[in-house]
Each structure stands twice: as C-alpha cells, then as structure tokens.
Amino acid sequence: MVSAGSTTGVFTPAPGAAPVARQLVTQAGMEARLMLRNGEQLLLAIVIPVIVLVASVRGADRVGVSLDGRPIDVLTPGVLAVAVMSTAFTSLAIATGFERRYGVLKRLGTAPLSRATLLGGKVVALLLVEILQFVVIGGVGFALGWNGPDGIGGYLALILAAVFGTAAFASLGMLLAGSLRAEATLAAANLVYLLLLAGGAVVLPADAYGGLGDVVRWLPSGALGEAARAACDATVAVRDLLVLLGWAVIGSVLTARTFQWE
Amino acid sequence: MRYGDRTAVDGLSFEVEAHTITAVLGPNGAGKTTTLETCEGYRRAQSGTVRVLGLDPQRERRALLPRIGVMLQSGGAWSGARADEMLRHFARLHAHPLDTDLLMDRLALHECGRTPYRRLSGGQQQRLGLALALVGRPELVFVDEPTAGLDPQIRRAVWELLEELRGDGVTVVLTTHYLEEAERLADKVHILDHGKLVASGSPLELTRGGAVATIRLVVTQPFPPGSPEALATALGAGTELTVLDPLSLQVSGPADGSTLGKVAAWCTDHDVLPESLSLGQRNLEDVFLELTGREDL
Numbered sequence: 040m041v042s043a044g045s046t047t048g049v050f051t052p053a054p055g056a057a058p059v060a061r062q063l064v065t066q067a068g069m070e071a072r073l074m075l076r077n078g079e080q081l082l083l084a085i086v087i088p089v090i091v092l093v094a095s096v097r098g099a100d101r102v103g104v105s106l107d108g109r110p111i112d113v114l115t116p117g118v119l120a121v122a123v124m125s126t127a128f129t130s131l132a133i134a135t136g137f138e139r140r141y142g143v144l145k146r147l148g149t150a151p152l153s154r155a156t157l158l159g160g161k162v163v164a165l166l167l168v169e170i171l172q173f174v175v176i177g178g179v180g181f182a183l184g185w186n187g188p189d190g191i192g193g194y195l196a197l198i199l200a201a202v203f204g205t206a207a208f209a210s211l212g213m214l215l216a217g218s219l220r221a222e223a224t225l226a227a228a229n230l231v232y233l234l235l236l237a238g239g240a241v242v243l244p245a246d247a248y249g250g251l252g253d254v255v256r257w258l259p260s261g262a263l264g265e266a267a268r269a270a271c272d273a274t275v276a277v278r279d280l281l282v283l284l285g286w287a288v289i290g291s292v293l294t295a296r297t298f299q300w301e
Numbered sequence: 196m197r198y199g200d201r202t203a204v205d206g207l208s209f210e211v212e213a214h215t216i217t218a219v220l221g222p223n224g225a226g227k228t229t230t231l232e233t234c235e236g237y238r239r240a241q242s243g244t245v246r247v248l249g250l251d252p253q254r255e256r257r258a259l260l261p262r263i264g265v266m267l268q269s270g271g272a273w274s275g276a277r278a279d280e281m282l283r284h285f286a287r288l289h290a291h292p293l294d295t296d297l298l299m300d301r302l303a304l305h306e307c308g309r310t311p312y313r314r315l316s317g318g319q320q321q322r323l324g325l326a327l328a329l330v331g332r333p334e335l336v337f338v339d340e341p342t343a344g345l346d347p348q349i350r351r352a353v354w355e356l357l358e359e360l361r362g363d364g365v366t367v368v369l370t371t372h373y374l375e376e377a378e379r380l381a382d383k384v385h386i387l388d389h390g391k392l393v394a395s396g397s398p399l400e401l402t403r404g405g406a407v408a409t410i411r412l413v414v415t416q417p418f419p420p421g422s423p424e425a426l427a428t429a430l431g432a433g434t435e436l437t438v439l440d441p442l443s444l445q446v447s448g449p450a451d452g453s454t455l456g457k458v459a460a461w462c463t464d465h466d467v468l469p470e471s472l473s474l475g476q477r478n479l480e481d482v483f484l485e486l487t488g489r490e491d492l
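Just so you know, the sequences run in chain order A and B.
The opening residue of the first sequence carries number 40 in my numbering; numbering runs sequentially from there.
The opening residue of the second sequence carries number 196 in my numbering; numbering runs sequentially from there.
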C-alpha cells in the first residue's frame, strides 16, 4: 500500500483491520470494563438484585407467602432473572443511549469495526457481566440455603434461559436506545425495569399473580422468570423460551428498522 | 500508486493529490464538515461522485475504513474511558497500529493518560481525537479543525506532526478556521463559501496579487455616514475599498505612496481618528475576505 517513493518513517502507512476475533475480544473487554466501572450500573447489576434476594427471602419467611416450595429456592432463580434483565435491558440501553449521544458510535464507525462485531462485542460484554452477577447472587443464594439448580441439566437449562432472556431484553434495550434521546432512554429504561420488577412475574412466580398470571407470562420478564425457575428444577420451559424468542425477534426487527447511529 | 480523491458537494469539485496536505477553508456553515463527512462515508452525496482512494465511501465503506483516519470535531469517546485506554482500544482494532506511547508523547497526552475522557480539557480531547485518527497508520487522514482551541506551543507541535505525516507518505485533508494554519501547512488550499468552491490553489498562487498593497484601517468611532463612499471616490478606479465592519475598512490598490496619502487625507477631512493603520502584502486572510466578504471564519 506504500508508494515506491516514500521513505519508511514512523507514520508510513500500514493500514489494515485487526482480525475479527481480536476486535471482538477488545470491544467486549472495553464494554464490560466500562460497565463494571460505572457506579450506577454496578448498583443495578449487583447491589439491587442482592438486596431484592435477601429482602424477599426474609420477607417471605416472615409474612408467610405461600410459595410452591421453599422461598429461597423459588426466589433465587427469579433474582437471577432480574440480574439478566437489569444488565441486558437497563444497563445496555443506558450505555448505548449515551454512546449515541457522545458520538462514540460515530467515532467507532470510523474504525475498521463492522456493526456486527460491535454488536457482538456488546453481547459478549453482557454475558461476561452476567457471569459475574450469577456468581455473586448465586453465592448469596447458597449462603442463604439455596439448593441450586438440579444437577448439570439444571445448570444448562438455566444458562439457556439466561441466553434467551439476554437476547430478548438486549434487543428491546437497543430498540429503546436507538430511538430515544439519551436522557429519555435513561428514564424509560429505569421505569420499565422497576415496573417489571414489581409486576412482571420475574421475582415472584406468575402463579402468585392470580388471574393476571396468564397475562404476565407473555411479558419477557415473566417468561424469563418462569424459564429460570423451571430450569432450576432441570426443566426446559419451551413455551417461555419461545415467548422470549418472540420478543427477541420483534425487538431485533424493530431495532434494525429504527436504530439511529447518531 | 496514485490516490484519487474527488469530492462533489453542491457543485463542489476538487481532487486531492497523494502525499500532500490539503486545507479546506471557509466560514462557519460553508460546508467544510459536510464535505469531509461525505468523503468519510457518513453522508451520501445527493448527486455527483465521491471517490476516496478510488473507493465509493458509502458502498465500499468496509474496504475504505481501514485505510483512512478520521478526526471528528468533537466527542466520540466513552465518558468513563481513560485517554490511554481509549487510544489502546483503537490501536487494537487495527492490524499494524502505531506505538501508542509514541503518539501520546508526540501529542503531549501522557500528562492526562489516566484521566477519564469526561475530565479532559477541550484541548486534550482534541489531541486524543487526532491520536485516534492516526493510530491505525492510515494512508489518508481527514482532520476537522485539528488545532482549534489549542495553545500556541501545542499547535506548533501538531503542525510539525502533520508535516511529518506528509513526509512519511500520508495524505492529509484538514479543515481549519486558522488562515495561518492553511498558509503554513497546506500544499493546496480550497476556499469554500455557501457550499461552493470559491478558490483553489497553493497559498502562493492564491496570494499572488502582483504589486497590490493592502491597507487596513481601524477607527475609534464608526465611520461618518457617506465617508467611505467619499474615500472610494477619492481613491478612484483601480483601487478596491471594502468596509469590513462599522469600525474597520480595507483598501487594496497600487503599492505606492499615493494610496496611503489619500487615506490619510481622507481621515483629516472627515475627522476620523485612526486606531490602527496597517499596510501589507496580500495574505490568505485578504484573499479570504475578498472572496467571502466576511471576516468571521
């Protein structure tokens, strides 16, 4: 690429993109680091779910809510589902909204980084953060007497539920971030998170919602919560996974149509 | 090999030679950034053709991106990312990046390497932006206002860097508000106004005015009504008078004593008190003023 006449200096052109695998690792590492460095995001990712877990287990013991099983065994998978929701939806939406606002996406658009690699990096970063969340929240759950997923099958089913939930919530988070202003994204992502946390059948099983149970199971939060609870009994909740897949498809199609990079 | 680079925006057309520095000069809103962003593939030209390194910046963006470096006018970094981290990140996206320490040295970025982007000063953000544009060892760099807001010492360091880039075979296209920057650096200057090219040439070609002198007069009180017209009449044909604002005017005419004498006599006749009176050869600024009729860049 260098013309014959030019001498070799410090800045002699040697253009080229790094291999995609290296770009993906670099991008994912950067995004995960930034997510974990941000106090609010850490609060959302780790602190709030742990508080929800401890408080709901203590509360259920005291109030004596009738759950189908020991509270800790019902509530821990629900809180793991909350963790997925907070990272894949709220954190991703807020981070991406501000990336648009500050021109980060525009800037990255001048680097030899394809959009697919950029999105792939985001997904890998989400999964890395979720692994950390699962270790911490699961650890707290075990400390409180959680039995954990039922065998290898249970663990695999839980991972499957987390992956489907991540796909659904991340596509919805990107939809939000790509269409609203950064401040509006921040507000909306937090509001939706709180509403789903309170009434989305994520911590408490859909059955606990009485007649509304059939409705909330169609929400991504309800489907993820149900799938996570079923997974801990080593059951793959096909219907709930399909609901999550449906949300992922809707979210992705709408995002692809509406996302504004600047 | 040759780099072909043709831009067409609003009837605008120019080519950039390889291994040169080209300055795109113009007032705010002249279309400088739009022109650059069209070359970078951010915007689609409604008509005409744009070829950068022989490639269509829109349709062949993937092939083009590794070969160009882009410095944006502002922003473009995660607010929580540290300066050195941001630069290393960009380095790792490229196949043969520059040594990031060397770049940070050259752009005096070590002083703020560990500082998160949101806490960098405007000048530091500028310099980081330039470093990000260069780290991938591009053949062609687009730099938007590379020294805006930099202090003189660092501005000179950036100029030296851009000259070294050219020496090493990199093609540089820059926009600038600073006429002296264009005059000092550019092999070719394109002056843009209202999205149209109003002049092109080397700084020397553009300022070659023959035996033309420029007198710049700044006064303390606004010119009395009708007085500039009286001066124009006194000066006669062959001399051009431009009122720059209510307190300053510029006269371009034969480089002899009579022009200056007439201006001085007019000051006495009209009770005009000069604050400063300067005499000089045309520089790029004069050319620019004549072409755009504007002083504010």
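Errors might be hidden in some of the hints.
To be verified - With a straight-line Cα cutoff of 20 Å, these simulated SDA-like cross-link-like pairs (lysine to any residue) come out:
{"no.": "1", "chain 1": "A", "residue 1": "K145", "chain 2": "B", "residue 2": "K391"}
{"no.": "2", "chain 1": "A", "residue 1": "K145", "chain 2": "B", "residue 2": "G317"}
{"no.": "3", "chain 1": "B", "residue 1": "K457", "chain 2": "B", "residue 2": "A432"}
{"no.": "4", "chain 1": "A", "residue 1": "K145", "chain 2": "B", "residue 2": "G275"}
{"no.": "5", "chain 1": "A", "residue 1": "K145", "chain 2": "B", "residue 2": "T229"}
{"no.": "6", "chain 1": "A", "residue 1": "K145", "chain 2": "B", "residue 2": "A432"}
{"no.": "7", "chain 1": "B", "residue 1": "K391", "chain 2": "B", "residue 2": "C462"}
{"no.": "8", "chain 1": "B", "residue 1": "K391", "chain 2": "B", "residue 2": "E280"}
{"no.": "9", "chain 1": "A", "residue 1": "K145", "chain 2": "B", "residue 2": "K457"}
{"no.": "10", "chain 1": "A", "residue 1": "K145", "chain 2": "B", "residue 2": "E280"}
{"no.": "11", "chain 1": "B", "residue 1": "K457", "chain 2": "B", "residue 2": "L486"}
{"no.": "12", "chain 1": "A", "residue 1": "K145", "chain 2": "B", "residue 2": "V467"}
{"no.": "13", "chain 1": "B", "residue 1": "K457", "chain 2": "B", "residue 2": "G488"}
{"no.": "14", "chain 1": "B", "residue 1": "K457", "chain 2": "B", "residue 2": "T487"}
{"no.": "15", "chain 1": "A", "residue 1": "K145", "chain 2": "B", "residue 2": "Q416"}
{"no.": "16", "chain 1": "A", "residue 1": "K145", "chain 2": "B", "residue 2": "T228"}
{"no.": "17", "chain 1": "A", "residue 1": "K145", "chain 2": "B", "residue 2": "Q348"}
{"no.": "18", "chain 1": "A", "residue 1": "K145", "chain 2": "B", "residue 2": "Q268"}
{"no.": "19", "chain 1": "A", "residue 1": "K145", "chain 2": "B", "residue 2": "A408"}
{"no.": "20", "chain 1": "A", "residue 1": "K145", "chain 2": "B", "residue 2": "R254"}
{"no.": "21", "chain 1": "A", "residue 1": "K145", "chain 2": "B", "residue 2": "Q320"}
{"no.": "22", "chain 1": "A", "residue 1": "K145", "chain 2": "B", "residue 2": "G270"}
{"no.": "23", "chain 1": "A", "residue 1": "K145", "chain 2": "A", "residue 2": "L219"}
{"no.": "24", "chain 1": "B", "residue 1": "K391", "chain 2": "B", "residue 2": "A408"}
{"no.": "25", "chain 1": "B", "residue 1": "K391", "chain 2": "B", "residue 2": "R379"}
{"no.": "26", "chain 1": "A", "residue 1": "K145", "chain 2": "A", "residue 2": "R296"}
{"no.": "27", "chain 1": "A", "residue 1": "K145", "chain 2": "B", "residue 2": "A460"}
{"no.": "28", "chain 1": "B", "residue 1": "K391", "chain 2": "B", "residue 2": "G275"}
{"no.": "29", "chain 1": "A", "residue 1": "K145", "chain 2": "B", "residue 2": "S274"}
{"no.": "30", "chain 1": "A", "residue 1": "K145", "chain 2": "B", "residue 2": "T487"}
{"no.": "31", "chain 1": "A", "residue 1": "K145", "chain 2": "A", "residue 2": "L157"}
{"no.": "32", "chain 1": "B", "residue 1": "K391", "chain 2": "B", "residue 2": "R239"}
{"no.": "33", "chain 1": "A", "residue 1": "K145", "chain 2": "A", "residue 2": "T294"}
{"no.": "34", "chain 1": "A", "residue 1": "K145", "chain 2": "B", "residue 2": "T434"}
Claimed, not checked - Sample of chain B residues at the chain A side, in silico, Cβ under 7 Å:
{"no.": "35", "residue": "A258"}
{"no.": "36", "residue": "R262"}
{"no.": "37", "residue": "A290"}
{"no.": "38", "residue": "L360"}
{"no.": "39", "residue": "R361"}
{"no.": "40", "residue": "E375"}
Since the hints were made in silico from the structure, they are not lab data.
For glycine and all other residues, C-beta sits at the position ideal for the given N, C-alpha and C.
For each hint, the structure was consulted:
no.	hint	verdict
1	A:K145 <-> B:K391	violated (26 Å)
2	A:K145 <-> B:G317	holds (19 Å)
3	B:K457 <-> B:A432	holds (13 Å)
4	A:K145 <-> B:G275	holds (17 Å)
5	A:K145 <-> B:T229	holds (14 Å)
6	A:K145 <-> B:A432	violated (53 Å)
7	B:K391 <-> B:C462	violated (38 Å)
8	B:K391 <-> B:E280	violated (40 Å)
9	A:K145 <-> B:K457	violated (56 Å)
10	A:K145 <-> B:E280	holds (18 Å)
11	B:K457 <-> B:L486	violated (25 Å)
12	A:K145 <-> B:V467	violated (53 Å)
13	B:K457 <-> B:G488	violated (24 Å)
14	B:K457 <-> B:T487	violated (26 Å)
15	A:K145 <-> B:Q416	violated (48 Å)
16	A:K145 <-> B:T228	holds (14 Å)
17	A:K145 <-> B:Q348	violated (30 Å)
18	A:K145 <-> B:Q268	holds (12 Å)
19	A:K145 <-> B:A408	violated (46 Å)
20	A:K145 <-> B:R254	holds (17 Å)
21	A:K145 <-> B:Q320	holds (16 Å)
22	A:K145 <-> B:G270	holds (9 Å)
23	A:K145 <-> A:L219	holds (17 Å)
24	B:K391 <-> B:A408	violated (28 Å)
25	B:K391 <-> B:R379	violated (23 Å)
26	A:K145 <-> A:R296	holds (18 Å)
27	A:K145 <-> B:A460	violated (58 Å)
28	B:K391 <-> B:G275	violated (40 Å)
29	A:K145 <-> B:S274	holds (14 Å)
30	A:K145 <-> B:T487	violated (32 Å)
31	A:K145 <-> A:L157	holds (12 Å)
32	B:K391 <-> B:R239	holds (17 Å)
33	A:K145 <-> A:T294	holds (17 Å)
34	A:K145 <-> B:T434	violated (49 Å)
35	A258	violated (10 Å)
36	R262	holds (4 Å)
37	A290	holds (3 Å)
38	L360	holds (5 Å)
39	R361	violated (9 Å)
40	E375	violated (24 Å)
The structure fails hints 1, 6, 7, 8, 9, 11, 12, 13, 14, 15, 17, 19, 24, 25, 27, 28, 30, 34, 35, 39 and 40 (numbered hints given earlier, in ascending order).
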